[in-house]
Amino acid sequence: DIQMTQSPSSLSASVGDSVTITCRASQGIGNYLAWFRQKPGKAPESLIYAATSLLSGVPSKFSGSGSGTDYTLTISSLQPEDFATYYCQQYKSYPYTFGRGTKLESK
Amino acid sequence: EVQLLESGGGLGQPGGSLRLSCAASGFTFHNYAMTWVRQAPGKGLEWVSLISAGGESTYYADSVKGRFTISRDNSKSVLFLQMNSLTADDTAVYYCARREVAFYLDYWGQGTLVPVSS
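As you go down the protein sequences, you meet chains A and B in turn. Each residue of the first sequence is one higher than the one before, counting from 342 in the numbering used here. Each residue of the second sequence is one higher than the one before, counting from -7 in the numbering used here.
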């Protein structure tokens, strides 16, 4: 199975800040990498697929980068609704696997 | 508008069975693979199972293989998860999600809670 190591596990920031979350796969996943946001008590929301592509309706303040085994999610100009937990996920092979999540908290 | 609505959650008994459903609308259901993802209380997301668009192929996480069965009724646009031999470790919110043609998950249901306890 492909292991996804996400860091940091938690992060504090203020409204207006930019943050970066990283995700490392245990083997190359060829950009089959997605990012999700999950607000407390809510279902996950899909943000990015293929490492860099935004899903329809996702604001451009979200951006993804990376290749091979290392990927990043950057969120700029943080707003109150962005304080949530973020997950990466590989869909290169079964079983699909998620990172353990990054909880983004308001400072 | 794509909508996914899970149902069938509720208290499960250790060793017992439950059947979850996910009613889909707003898209051509038989064109898309579908998946189940779960989340134990206070924990992260765990992929559970996937079924191909036509239902011919199924995939499972090791943690549920041999106990859970994913299926679908394309005539009614419904996805199912039959869960047998339940254990406390199966306690979670279960989400159904659509897999886009390019293999990523795009739409999610609101989830259904399955607590397993005697």
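Don't read these hints as lab results, they were simulated from the structure. Because the structure is a prediction, the values reported are computed rather than measured. C-beta: ideal position from N, C-alpha, C; glycine also. Any given hint could turn out to be false.
What the hints assert, rightly or not - Derived DEER-like restraints, expressed as beta-carbon distance ranges:
| id | chain 1 | residue 1 | chain 2 | residue 2 | range |
| --- | --- | --- | --- | --- | --- |
| 1 | B | Asn23 | A | Ser394 | 43 to 51 angstroms |
| 2 | A | Asp358 | B | Asn23 | 35 to 43 angstroms |
| 3 | A | Pro400 | B | Ala15 | 38 to 46 angstroms |
| 4 | B | Gly36 | A | Gln368 | 29 to 37 angstroms |
| 5 | B | Val93 | A | Lys383 | 20 to 28 angstroms |
| 6 | B | Asp54 | A | Ser350 | 22 to 30 angstroms |
| 7 | B | Gln5 | A | Ser406 | 44 to 52 angstroms |
For each hint, the structure was consulted:
1. Asn23/B / Ser394/A: 43 to 51 angstroms: 20 angstroms, violated
2. Asp358/A / Asn23/B: 35 to 43 angstroms: 41 angstroms, holds
3. Pro400/A / Ala15/B: 38 to 46 angstroms: About 30 angstroms separates the Cβ atoms of Pro400/A and Ala15/B, which means 38 to 46 angstroms is violated.
4. Gly36/B / Gln368/A: 29 to 37 angstroms: 20 angstroms, violated
5. Val93/B / Lys383/A: 20 to 28 angstroms: Once the Cβ atoms are compared, 26 angstroms apart, the range 20 to 28 angstroms for Lys383/A and Val93/B holds.
6. Asp54/B / Ser350/A: 22 to 30 angstroms: Roughly 24 angstroms apart at Cβ, these two residues keep to the hinted range, so it holds.
7. Gln5/B / Ser406/A: 44 to 52 angstroms: Because 47 angstroms falls inside the window, the suggested range holds.
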